[in-house]
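Chemist: With the hints as constraints, model all of the structure from the sequences given.
Chains as they are written, first to last, in our numbering: chain A, 1 to 313; chain B, 1001 to 1313.
Straight-line distance between alpha carbons at most 20 Å, and here's what the computed EDC-like set of lysine to aspartate or glutamate pairs gives:
{"id": "1", "chain 1": "A", "residue 1": "K54", "chain 2": "A", "residue 2": "E28"}
{"id": "2", "chain 1": "A", "residue 1": "K79", "chain 2": "B", "residue 2": "D1148"}
{"id": "3", "chain 1": "B", "residue 1": "K1150", "chain 2": "A", "residue 2": "E255"}
Derived, one-sided and incomplete: chain B residues facing chain A with beta-carbon distance under 7 Å:
{"id": "4", "residue": "V1147"}
{"id": "5", "residue": "A1158"}
{"id": "6", "residue": "E1161"}
{"id": "7", "residue": "C1248"}
{"id": "8", "residue": "A1281"}
Derived Cβ-Cβ restraints for the label pairs, each shown as a range:
{"id": "9", "chain 1": "A", "residue 1": "M1", "chain 2": "B", "residue 2": "G1091", "range": "45 to 51 Å"}
{"id": "10", "chain 1": "B", "residue 1": "Y1092", "chain 2": "A", "residue 2": "A204", "range": "55 to 61 Å"}
{"id": "11", "chain 1": "B", "residue 1": "Y1092", "chain 2": "A", "residue 2": "G59", "range": "54 to 60 Å"}
{"id": "12", "chain 1": "B", "residue 1": "K1287", "chain 2": "A", "residue 2": "D101", "range": "32 to 38 Å"}
{"id": "13", "chain 1": "B", "residue 1": "R1035", "chain 2": "A", "residue 2": "T190", "range": "56 to 62 Å"}
{"id": "14", "chain 1": "A", "residue 1": "D312", "chain 2": "B", "residue 2": "P1045", "range": "38 to 44 Å"}
Don't read these hints as lab results, they were simulated from the structure.
Using N, Cα and C, we set each Cβ at its ideal position, and we do this for glycine too.
Protein chains: 2
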Amino acid sequence: MKEYCFGIDVGGTTVKCGLFHVDGTLEEKWEIPTRTENRGKEILPDIAASIRAKMQERGIVAEEVAGVGLGVPGPVNDKGEIPCAVNLNWGYKHISKEMEDLTGLPAKAANDANAAALGEAWKGGAEGASWVVMATLGTGVGGGIIVDGKIVSGAHGAGGEIGHMNMAPDEEEACNCGNQGCLEQMASATGIVRLARRELERDAQDSILRGVDVTAKAVFDAYKQGDGLAGRVVDQFAGYLGRGLAMCACVMDPEVILIGGGVTKAGEPLLEAVQREYQKAAFAPCKDTPLRLAKLGNDAGIYGAAKLALYDI
Amino acid sequence: MKEYCFGIDVGGTTVKCGLFHVDGTLEEKWEIPTRTENRGKEILPDIAASIRAKMQERGIVAEEVAGVGLGVPGPVNDKGEIPCAVNLNWGYKHISKEMEDLTGLPAKAANDANAAALGEAWKGGAEGASWVVMATLGTGVGGGIIVDGKIVSGAHGAGGEIGHMNMAPDEEEACNCGNQGCLEQMASATGIVRLARRELERDAQDSILRGVDVTAKAVFDAYKQGDGLAGRVVDQFAGYLGRGLAMCACVMDPEVILIGGGVTKAGEPLLEAVQREYQKAAFAPCKDTPLRLAKLGNDAGIYGAAKLALYDI
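Modeler: Written out as structure tokens, the structure is:
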């Protein structure tokens, strides 16, 4: 009888680990450091050792464990392979196979942003939905696409990379990816700051943002206080993000669209602005698709990784 | 032993029918008229009668038939229901259930453009691929998304409606859907004519297109002859379509991208123009994703419908 599964979210500094009941109850969570030295070769063995120790501590035997799911920062394909993971100093790795060999447990792997979307679809802001688009607004813009309850990893592990949708072909500054005009350049925390700086230069209008440290939080705070210049920045941000999400809806027509990541600490005013722009751009049958804020915060990754471990049971 | 399946493509004027071997060999195809009178209530019974007659003629018994798949012009959900189909005069209909009741055979239904994409992924331009984006350029722009070998129908049957991606938010003319700036307004046969007329008005440059009946074919013919104005129209068309497909690739990262429909009679020069613009806009891991022309022409729909009938076997 399978009672447990492990959900592991591998970050560049720490690995978040979760022991879950198969019904999605988080039994316990903990962290271990990510040892990226020596091309990160200790990362998976460290995780395996931590899982074994937890099983021993709890008196859990292998027969009770459905499996281990891992979320990893990089383009994982649906076989659990990755060509490289810059933040972990990894080259090619067959993550799921290596973890199976290390633990003797069935293992699966996915991109971390994709896993977060799966977690939110399982137990978070889109609980119960099988068709979900999620945008994660942090330093960059990540994303995840859930179709029929499963992650769309894509042919090159690039499924859900909505941060690199080419929203503004006339943009002259380059994105980190090398293209120009990516959604990430407008809808990430750094993108919002970029839009704000540009607006502050372009326009001499008085603004709360003048003379302060311009951050995404400062922009949304000023917006909530009715600052006109901040309002124009939020309109631009919401215009790009809302239109990008509307285009995602034309592709796979989700039940729910989620927005998560640090930028969404701005809360309902952000959601309302994006929803307004989404509705303008969305195809008629999708105009009323609900946009919601993600709920699980930093735990989304371990929830999604745990769900990944349950795919076949 | 299941040896056969039926693939049915329901159009506004005729119903295309195909008897297939389960390995995808088309045994026979034929057409019957689509009787749209009386709210189209004879359409499914006519199809059922034609299937029964074909089985009798060939001495095929129900036990040998895996099922019937139907492609229908409208937003079919993954349960085989449709809220309405304008060209068939249908209101709500549970297509698959009604066909099962009429024939005693398992039945499935999907949107016709989605079915065409599935057909091309099965036996056409993307044969063997399980992850496909297809754009169909006809009077409008249709599309289909195949993930893990299955149609992405979406929560409202709007999966694959890439013709309504909002590519040009500043466009002032309205699309048939009511929005402004849809891909369909630039990349359909009528969209290409619209772009050409606009360019002819905007610019006094001499052109083969002046004084002729401006059609999508005329634009591509002039382009192939090196006409400068036609070249600018094709650049615009390819820019919108290539960028739209690049955005689709950010969402679900296909193995193959297909372009089909009447407009693609223009052939390789069209494909090359779109590929060039696709590569400019695509996210790095997807830049080399192959773009190909669809192969099955008007038969794509019956192939895809037949494959739909085989989903569970």
